[in-house]
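Peer 1: Required output: the full structure, derived from the provided sequences and hints.
My numbering applies: residue 1 is where the sequence shown begins, and numbers increase by one.
Hints were generated in silico from the structure; no laboratory data involved. Positions of the beta carbon are idealized from the N, C-alpha and C atoms, including for glycine. Where hints are given, some of them may not hold.
Here are the in silico distance ranges between beta carbons for each label pair [unchecked claim]: (1) E57 / Q83: 24 to 30 Å; (2) K144 / S210: 38 to 44 Å; (3) T220 / T116: 43 to 49 Å.
Derived pair list, reagent style DSSO-like, types lysine-lysine, alpha-carbon separation capped at 27 Å [what the hints assert, rightly or not]: (4) K35 / K144; (5) K137 / K23; (6) K144 / K93.
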Amino acid sequence: MLINWQMETGSRKSKFTVYQCCKRGHTLKCASIVKTGGVIVYPTDTVYGIGCNPYLEEAVERIFEIKGRNKVNPFPILASNLQDIEKIALLGKIGKRLAKIFWPGALTIISTLIDTRISTKVTAGKTTVGVRVPDNKCAVALLKHCKYLVGTSANKSGENPSNSISEVILSSLRGFDAILDGGNIRQGSASTILDLSGHVPKIIREGAISSEEIARVLSTNNN
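Peer 2: Below, the structure is given as structure tokens:
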């Protein structure tokens, strides 16, 4: 069953449709929305995310506006598998090793962008991009149909992320086209962000995967 919502925040109205992850047709519809320039809220293994087609500049611009996010901050990109990630980013030996251990999972790897068709708004004009394969069946099913998604948390900048669609709906986030309901998310922790674009790996944000876990892998890699 589809649920159509219309909400008002002050003078601003917002309409969106809630789709169910357990229904293949609903997942296909959300993928179609993404492909044609729409913005959707969807579940991941960490929190609910808000995303769009990273190749479509106007769609990416909408997410900046919806979140109230500073445009100097880049967005990561999600894919359903390592092979698709390698088509847009140069992971290198260390990146591939980490990916094979922690993906699918809550590790975002920043590396050199190789697909120049990606909107420069996604990367904030940088030559690097953050990439990840989420450990969530609903997100992976969606990504198999739309291939890539901007992968930022579904909340206004500065506000708490959402672990359920009820939290999304009750938040101040407005302006998206659809929600793909994948139920409640248990983890509720953001992904760890590791920058591999320099000479030395650098943790930008420690999240669900600890710096100690990453250090152990890097240490093993050096031996």
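Peer 1: Take the hints in turn and mark each one as holding or not.
Peer 2: Do the hints match the structure? See the list:
1. E57 / Q83: 24 to 30 Å: This hint holds: roughly 26 Å between Cβ atoms.
2. K144 / S210: 38 to 44 Å: With Cβ atoms ~30 Å apart, the hint is violated.
3. T220 / T116: 43 to 49 Å: With Cβ atoms ~34 Å apart, the hint is violated.
4. K35 / K144: holds, 12 Å
5. K137 / K23: holds, 12 Å
6. K144 / K93: holds, 25 Å
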